[in-house]
Amino acid sequence: MGGSRSVAQRASTIGPGAGTAIGPEAGTAFSPTPSHVSTGSRRALCLWLPTFELRLELVRSPELDTTSVALLSPGESTRRTIWQVSERAHEAGVRPGQLVSQAISLCTSLTLLEPDPAHYDAAVDTMLEVLTEITPVVEPAGHGRVFLGTDGLDRLLGSPSRQIDRALRSLFRVFPSPLVAATRAGMAPGKFGAWVAAASAGSGEPVVVTEDQLASFLSGCPVGALPVDPLVVQRLERLGIDTLGALRRFPEPSLIAQFGEDGKNALAWSTGRRIDPVRPWHRPRPIRASLEFPNPVGLVDTLHGALDRLAERALSRPARRGRSVTGVRMGAHLEGGGSWFVESVLREPTSDRERITAPLRVKMTMSPPPKAVETLILELTSFGAPSVQTGLFDRKVEGGRDTGGYDLDKGEIPPTLKDAVKELKLRLGHSPLYRVVEMDPWSRIPERRHALMSFDP
Amino acid sequence: MNHRPTLKPLGQPKAVTVRADEHGEPVHVRIPGRPARRVAVVRECWRIDDEWWRRPISRVYRVAVLDDGKVITLYHDLLEGTWYVQRG
Chain S
32 MGGSRSVAQR
42 ASTIGPGAGT
52 AIGPEAGTAF
62 SPTPSHVSTG
72 SRRALCLWLP
82 TFELRLELVR
92 SPELDTTSVA
102 LLSPGESTRR
112 TIWQVSERAH
122 EAGVRPGQLV
132 SQAISLCTSL
142 TLLEPDPAHY
152 DAAVDTMLEV
162 LTEITPVVEP
172 AGHGRVFLGT
182 DGLDRLLGSP
192 SRQIDRALRS
202 LFRVFPSPLV
212 AATRAGMAPG
222 KFGAWVAAAS
232 AGSGEPVVVT
242 EDQLASFLSG
252 CPVGALPVDP
262 LVVQRLERLG
272 IDTLGALRRF
282 PEPSLIAQFG
292 EDGKNALAWS
302 TGRRIDPVRP
312 WHRPRPIRAS
322 LEFPNPVGLV
332 DTLHGALDRL
342 AERALSRPAR
352 RGRSVTGVRM
362 GAHLEGGGSW
372 FVESVLREPT
382 SDRERITAPL
392 RVKMTMSPPP
402 KAVETLILEL
412 TSFGAPSVQT
422 GLFDRKVEGG
432 RDTGGYDLDK
442 GEIPPTLKDA
452 VKELKLRLGH
462 SPLYRVVEMD
472 PWSRIPERRH
482 ALMSFDP
Chain A
92 MNHRPTLKPL
102 GQPKAVTVRA
112 DEHGEPVHVR
122 IPGRPARRVA
132 VVRECWRIDD
142 EWWRRPISRV
152 YRVAVLDDGK
162 VITLYHDLLE
172 GTWYVQRG
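Each protein sequence line maps, in turn, to chains S and A. Numbers in this note's numbering are just positions in the first sequence, counted from 1, shifted up by 31. Numbers in this note's numbering are just positions in the second sequence, counted from 1, shifted up by 91.
Chain A extracted, bound-state conformation (with noise of 0.2 Å):
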């Protein structure tokens, strides 16, 4: 029987779908499984860069509030071009 511990990290991003307008910000989610909702506003903003030696990480979050007055924390992958909505 295998007793070697196994990690699993929490608060892994999941892929959204995200229209953005011209500058770049978020109009609408569409969250697997969730019908699309608009973005009513964004509360915060703010960049991450690091890790640049081994896997380079360039992320932009986004704290949005939807237009059902749900909040998520969102991120736009800068090296990717992809959407995630993340927890904590």
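Chain S on its own, in the form it takes in the complex (with noise of 0.2 Å):
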């Protein structure tokens, strides 16, 4: 690898064009962190592989790399759009985002893939697995960027140049050339400081920033780097404020006036106040249950049907008793290759069957899968937090199969929540529940709306 370069390289080309995590995605890596989790590491790096997704089908299939190549977006299907352009696509005019009838006028060669989620979750489980080699901070944050916790690397791997070069390295142990060559590294104080000096990067060229350096460098950077609502965004740049060293000449109870929490927030990472340090990742074990049929299922009730089925067998397993869930995925092998996936975090913990099946099914209706399904997955990706409570309103598992919850509107009392009561009636003297009731929902004075109602049943 080359050396690093100073940071006299201003982050000039950071854009909608050359970032294409900016944005929303960009923000889920910024997002505060509970104050229980650990304080992590303040000094990161990141590594950045631009197209991830579609770099990773050109290596699948080599004979695409001459041609126009674009991805399509995942989860859409009445209306298509392009997510990823290779460089030809992109010289002939076609653009992330154009919708693939614009694309295909303007570029009538151009090759379409299919997404292939499972495979592109594949290859970043791999990617973190080498990278935790390193260090175990290792964050990742979606689209082919992840974050490095660097603190305390320096007496066992030397300078941030010798580091970067280490992580680099790892990469190429499991990645073809073409793809890592491609990679941007950024070393800087916080997730921000270090994702605009890996955007402003180049090819085998990382950029270093030093804490007495942060504060200029992030002055040049354009404010479309900011990871905060977009249409933040868009207003400062129509107010002419361009660059982050512009945003900062404005007071703070200004920019709260105007844009709030997002205000208060882009002017700390403007200023290099707000360092967010890289947090290990804990990815929870997710509860996985999956049907093959034997011929492949293109109907999209049969797809309901199994995924009720699917539903029952996964809350049914020992390692989901006394946790709620709080987020599900439905994925599919599809016939002749390809998967297929949709997600949901559910509005509420719960441990109900038709509540966590009732998203997924709007979202299998609104972007069924492309192709007939082989098989169907449904995962458990993240749960409340583990409590015996939740439990207590669980029905018991009759015949292997668990029917669902009770309905305590319809006086039904689950058999453990009336022993759980008469103990602490015992211990107490009285029943410490309560129950949330209506009383006049629609009422225009808050506290009339609901009451607790003590509850012994």
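Simulated from the structure, these hints should not be mistaken for lab results. Hints should not be assumed to be uniformly reliable.
Claimed, not checked - Derived, one-sided and incomplete: chain S residues facing chain A with beta-carbon distance under 10 Å:
1) 204
2) 292
3) 467
4) 479
5) 481
6) 482
Yeah, the Cβ is synthetic: ideal placement off N, Cα and C, and Gly gets one too.
Put the complex together from the two separate chains, hints included.
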């Protein structure tokens, strides 16, 4: 690898064109972390593989490398749009976000590829695995971006340049050279600084920003790099505030008055005051249930039925007991190769089959699998805090199947809950449980809407 | 043992100290147990006049953004002249 570049080269190239991860997706990496999480690593290394998913497809089908290729957006059915484009397609005028019809009219020889999320997830897992050999503080940020916490690595690996070199060499072990050669690397205090540094770096020319240089380095960065609501960025640009240096000139109360929390955060990032440490990523092991069809299935009704069965199986797994579900993912291996996935974050933690499957059914109806399904997969991906209390509301498994929850409004009281209340009454002399009941839910006076009613079955 | 169910209303208002300007707009808010905060902006404002037939209610609600970015819902009780913060 070449030596790292100084910060003299500003982050002037960052913008919607260069930074596909900029925008709301980029914001996920910078969301606040709960206070109970450990502090993580202050110094961050960002590795970014632009158009990661398309490059993976080109590695899989090298014959497409010299043609105009575009990857379709995942999760859309009626109005398919372009997600990522190759250099040749870009030269022909094809851009991410264009409708397929527009793209084909601009480039008649365009090859369109269906996304294969399972393949991309597997590649990310491989990448994370090799990077954890360098540091345990590894945090993926989606779309080919990963942050490494590098605090304390100096004695082990040497200078920042050597640390970056080591990280890239690790990637060479698992990915082909053309893929890794396109990687941009940037190191700075905090994830935002590292991301800006990586986005302004060239292939093989990492950018390293020290603590003292951070504020001046960020001043030339365009406001489009801020991980805030895109509408805020648009408004800033319309007001003629193009760079973080220009943003810094405004007093904090004015920015808060105009943009609320986003304004406050934008100022903190632009001055280098806000340093988001890299935090080790803990991925909960998902509970997975799958169903292989004897013949590929294309009928949505059949898939809905299969989804119900999978939800029952996943919910009745011992690993789920005592935990409510907050996130689910449904996927499929498709006939003739390829995969399809939809995800849903549940409004409230639940262990009710119907509440878990309903959002997935809607998503499946809106964006059905593009081809017939060979294997349907359901994953319970995130869970509420482990608690014995959620188990109180579960119906006992009958004949190996979970038959859903009890309806307290209809007077159904789970025996486990009755026992728990009896025990509490013996200990405390009264039942300390309450239920939330609706009083006058449409009242204009907030304190009239709901109340707590003592619960003593 | 008493088995009569008891009810506790949710979303009860909490009294706060507010310094208002000459137009009655809140300028500083002190929520008990927290430092006083300046009101950066009032996002929304509406009035409720209700229940005149029993115990009249007359409130002006404001959704305010404080200088630390926190968003709160305040109301000014026009009958008592006092300020409250309320959820919901």
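To see whether the hints hold, each was checked on the structure:
1. 204: violated, 44 Å
2. 292: holds, 4 Å
3. 467: holds, 7 Å
4. 479: holds, 7 Å
5. 481: holds, 4 Å
6. 482: For residue 482(S), the interface hint holds, since the closest Cβ of chain A sits about 5 Å away, which is under 10 Å.
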